[in-house]
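2 protein chains.
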Amino acid sequence: MPASPARVRFHRFPDHPRLARRACMLASPAQRQENSKGQHMKKLMNTPAAYVDEMLEGLTAANPSLVLDGESGRVIRRSCGAARGKVGIASGGGSGHLPLFAGYVGEGLLTTCAVGNVFEGPNAGSCIDAIKLADGGAGVLLLYGNYGGDRMNFDMAAEMAEIDGIETRTVLGTDDIASAAPEDSAKRRGVAGIVYAYKIAGAKAEEGAGLDAVADIAARAVAATRTIGVALAPCQVPGSDKPTFTLADDEIEMGMGIHGEPGIWRDKLKSADAIAGEMVERILAEKPAGSSRRVSVLVNGLGATPLEELFLLYRRVKMLLDERGLEIVQPLVGNFVTSMEMAGASISICFLDEELERLLAAPAACPFWRVG
Amino acid sequence: MPASPARVRFHRFPDHPRLARRACMLASPAQRQENSKGQHMKKLMNTPAAYVDEMLEGLTAANPSLVLDGESGRVIRRSCGAARGKVGIASGGGSGHLPLFAGYVGEGLLTTCAVGNVFEGPNAGSCIDAIKLADGGAGVLLLYGNYGGDRMNFDMAAEMAEIDGIETRTVLGTDDIASAAPEDSAKRRGVAGIVYAYKIAGAKAEEGAGLDAVADIAARAVAATRTIGVALAPCQVPGSDKPTFTLADDEIEMGMGIHGEPGIWRDKLKSADAIAGEMVERILAEKPAGSSRRVSVLVNGLGATPLEELFLLYRRVKMLLDERGLEIVQPLVGNFVTSMEMAGASISICFLDEELERLLAAPAACPFWRVG
Numbered sequence: 007m008p009a010s011p012a013r014v015r016f017h018r019f020p021d022h023p024r025l026a027r028r029a030c031m032l033a034s035p036a037q038r039q040e041n042s043k044g045q046h047m048k049k050l051m052n053t054p055a056a057y058v059d060e061m062l063e064g065l066t067a068a069n070p071s072l073v074l075d076g077e078s079g080r081v082i083r084r085s086c087g088a089a090r091g092k093v094g095i096a097s098g099g100g101s102g103h104l105p106l107f108a109g110y111v112g113e114g115l116l117t118t119c120a121v122g123n124v125f126e127g128p129n130a131g132s133c134i135d136a137i138k139l140a141d142g143g144a145g146v147l148l149l150y151g152n153y154g155g156d157r158m159n160f161d162m163a164a165e166m167a168e169i170d171g172i173e174t175r176t177v178l179g180t181d182d183i184a185s186a187a188p189e190d191s192a193k194r195r196g197v198a199g200i201v202y203a204y205k206i207a208g209a210k211a212e213e214g215a216g217l218d219a220v221a222d223i224a225a226r227a228v229a230a231t232r233t234i235g236v237a238l239a240p241c242q243v244p245g246s247d248k249p250t251f252t253l254a255d256d257e258i259e260m261g262m263g264i265h266g267e268p269g270i271w272r273d274k275l276k277s278a279d280a281i282a283g284e285m286v287e288r289i290l291a292e293k294p295a296g297s298s299r300r301v302s303v304l305v306n307g308l309g310a311t312p313l314e315e316l317f318l319l320y321r322r323v324k325m326l327l328d329e330r331g332l333e334i335v336q337p338l339v340g341n342f343v344t345s346m347e348m349a350g351a352s353i354s355i356c357f358l359d360e361e362l363e364r365l366l367a368a369p370a371a372c373p374f375w376r377v378g
Numbered sequence: 007m008p009a010s011p012a013r014v015r016f017h018r019f020p021d022h023p024r025l026a027r028r029a030c031m032l033a034s035p036a037q038r039q040e041n042s043k044g045q046h047m048k049k050l051m052n053t054p055a056a057y058v059d060e061m062l063e064g065l066t067a068a069n070p071s072l073v074l075d076g077e078s079g080r081v082i083r084r085s086c087g088a089a090r091g092k093v094g095i096a097s098g099g100g101s102g103h104l105p106l107f108a109g110y111v112g113e114g115l116l117t118t119c120a121v122g123n124v125f126e127g128p129n130a131g132s133c134i135d136a137i138k139l140a141d142g143g144a145g146v147l148l149l150y151g152n153y154g155g156d157r158m159n160f161d162m163a164a165e166m167a168e169i170d171g172i173e174t175r176t177v178l179g180t181d182d183i184a185s186a187a188p189e190d191s192a193k194r195r196g197v198a199g200i201v202y203a204y205k206i207a208g209a210k211a212e213e214g215a216g217l218d219a220v221a222d223i224a225a226r227a228v229a230a231t232r233t234i235g236v237a238l239a240p241c242q243v244p245g246s247d248k249p250t251f252t253l254a255d256d257e258i259e260m261g262m263g264i265h266g267e268p269g270i271w272r273d274k275l276k277s278a279d280a281i282a283g284e285m286v287e288r289i290l291a292e293k294p295a296g297s298s299r300r301v302s303v304l305v306n307g308l309g310a311t312p313l314e315e316l317f318l319l320y321r322r323v324k325m326l327l328d329e330r331g332l333e334i335v336q337p338l339v340g341n342f343v344t345s346m347e348m349a350g351a352s353i354s355i356c357f358l359d360e361e362l363e364r365l366l367a368a369p370a371a372c373p374f375w376r377v378g
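In the order they appear, the protein sequences are chains A and B. Position 277 (the first sequence) corresponds to 283 in our numbering; numbering is contiguous. Position 98 (the second sequence) corresponds to 104 in our numbering; numbering is contiguous.
Hints are computed from structural coordinates only; laboratory data are not their basis. Please note that the accuracy of each hint is not assured.
Each pair may be met inside one copy or between any two copies, as identical chains are not told apart.
[Said to hold, decoys possible] Computed list of lysine-lysine pairs in DSSO-like fashion (alpha-carbon distance at most 30 Å, straight line):
no., residue 1, residue 2
1, Lys293, Lys274
2, Lys48, Lys276
3, Lys274, Lys48
4, Lys92, Lys293
5, Lys48, Lys92
6, Lys193, Lys274
7, Lys274, Lys92
8, Lys248, Lys92
9, Lys248, Lys293
10, Lys248, Lys193
11, Lys276, Lys248
12, Lys92, Lys276
13, Lys274, Lys248
14, Lys248, Lys48
15, Lys293, Lys276
16, Lys193, Lys293
One chain only, chain A, in its complex shape:
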């Protein structure tokens, strides 16, 4: 049994100045009382402290295919449990990104998910629970976004799981091209593109493939996927007295991360076509060598951006890819990975090969996404 996992918890960006400031605020309960003095985003909630657990209660009450489990009480698993003899897939991450992460637990997708507080990684105890509950005897793939706190806790959990005889592999989502240069692609953050890795690895596991094969296809899905986001307005962590960042009334930020990590530039709001154009150009500049002409596209809403506007973006993305002779299969448009009430969108392109395309099209079902 893990020793005091609750103490082993890390904020996602202990070393990021903008978020370290917020983390510091969060760490002090006294300061949480100062809400009414600061800028205020309206939240439909009871208390900041109860936000995540009450959300999970509602999520599982509304979706009987999802069950809350684990000693930590912070793991979502399939109600049917892990399939015997199949590779399990465990993910995890901070809350505030629904449907990510916990919403993707389901047939052909994740087996379990460890749930952290808003914008904080899950604690090590939850990671251990997620691994154990995902184990069907054939090992567990740990598939989650590349954030320091998450990595540290999942690595620790993987070591403890191995002691218990559960074999694991780890693949990290690193699709955010705005977060590091191409030569440092392993340092990139994981954002919306991770849903391609979930879908593709989930289908492979469902087929009965072994742990190495499932890990390999997950890594190939990550390597084939590029994402960039644009923010129009910030969100606010429950209990915090300030939004995660500020933007002027006519300003947007290109390349911002899903917790408000700084992007590439700030400038005046441009047309949807101009924004989509730049995002597509930046992604295509990193088209994987030797990739085919078939791609999937995800135009993802960050939370407060109307579906109408996501379709406006998709319209332009399709035109641009058509011009390049790229054929879109299985386009996805909607809120797949959000940042609560953040306004903006991200565009992901998954450059397919035959196997990736087949697995992407395989049947899958979670409360927020159904394929086949």
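Assemble chain B onto chain A, guided by the hints.
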């Protein structure tokens, strides 16, 4: 052929002071140029004039099951066309509410949908196109929300369709309990609860029922459904220089309509449990006489409210219904009927009988909702 249908267009609330002011602004292209002087909500768009048509282009490009058709170029129909010998269901309404209305075209749901400009009803030409394209030889049910402009244009279109030998029936969504007293329930606005009528009437039509039977079950679904909304922040019509209403930083409005029509009260933000509690109480006070203990619940996001917070609301709704001995079947939580970037939520309860429940559970598939 209709004579100049484009001239026959009405704003949704010509007689509503708050919206009449906006409609007046929209009518003057010169005034649209004043955006930069006024309060500004950031939109991912190209021009206000192109917002709807470009959105429809993206919507249909991303969803091959939907096709843009009609002489007006403003009708969405199923790509497979109307089923021969089956009753068609045509709906319609203003844009800015996705997935409503056009997004519900699909098997077991709508056959066609006439699309208006943002927050304006579809013109009569589009309504006529929607009826013709929905006709499979067994008549067409017109099923849409109770708004003046929509009614006038659909009524006119129904008359012209009858001349062409297409039999029609009309059922109006009137589920918003905040919009008129119970004794005036026929005057109530149609809001999120209309998706229950879509689903139930769509299933009945799919079974091969006749026009009267489909209209009857649609009317029963409307009569069995109650909705109330709460707004936390407004939205802004593309090209307008002001949001549809204003709320103070700590203020909410109970009972507000999906275009910003005034509600029942304004007050300080309360806890999610208190808000859900009042909404449920108001709905249960109008529980249809003789209804069973089985209900479906829709907790609907208006656009900018995080899914997390919808689940917080659902959690409390379920507790309260459990206490009353009401059993929830097929709960729905998500963005089903939005108002662009409006923040807030609505709660709908559909009081089921055996047939309504069976039809609600029947298979259906549109890009935004799949059952069975």
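To see whether the hints hold, each was checked on the structure:
no.: 1; hint: Lys293 - Lys274; result: within (28 Å within a copy, 51 Å between copies)
no.: 2; hint: Lys48 - Lys276; result: both (28 Å within a copy, 10 Å between copies)
no.: 3; hint: Lys274 - Lys48; result: both (26 Å within a copy, 10 Å between copies)
no.: 4; hint: Lys92 - Lys293; result: neither (33 Å within a copy, 48 Å between copies)
no.: 5; hint: Lys48 - Lys92; result: neither (44 Å within a copy, 47 Å between copies)
no.: 6; hint: Lys193 - Lys274; result: within (29 Å within a copy, 44 Å between copies)
no.: 7; hint: Lys274 - Lys92; result: neither (50 Å within a copy, 52 Å between copies)
no.: 8; hint: Lys248 - Lys92; result: neither (45 Å within a copy, 56 Å between copies)
no.: 9; hint: Lys248 - Lys293; result: neither (38 Å within a copy, 42 Å between copies)
no.: 10; hint: Lys248 - Lys193; result: within (28 Å within a copy, 43 Å between copies)
no.: 11; hint: Lys276 - Lys248; result: both (26 Å within a copy, 19 Å between copies)
no.: 12; hint: Lys92 - Lys276; result: neither (48 Å within a copy, 47 Å between copies)
no.: 13; hint: Lys274 - Lys248; result: both (23 Å within a copy, 19 Å between copies)
no.: 14; hint: Lys248 - Lys48; result: both (12 Å within a copy, 20 Å between copies)
no.: 15; hint: Lys293 - Lys276; result: within (25 Å within a copy, 49 Å between copies)
no.: 16; hint: Lys193 - Lys293; result: within (18 Å within a copy, 56 Å between copies)
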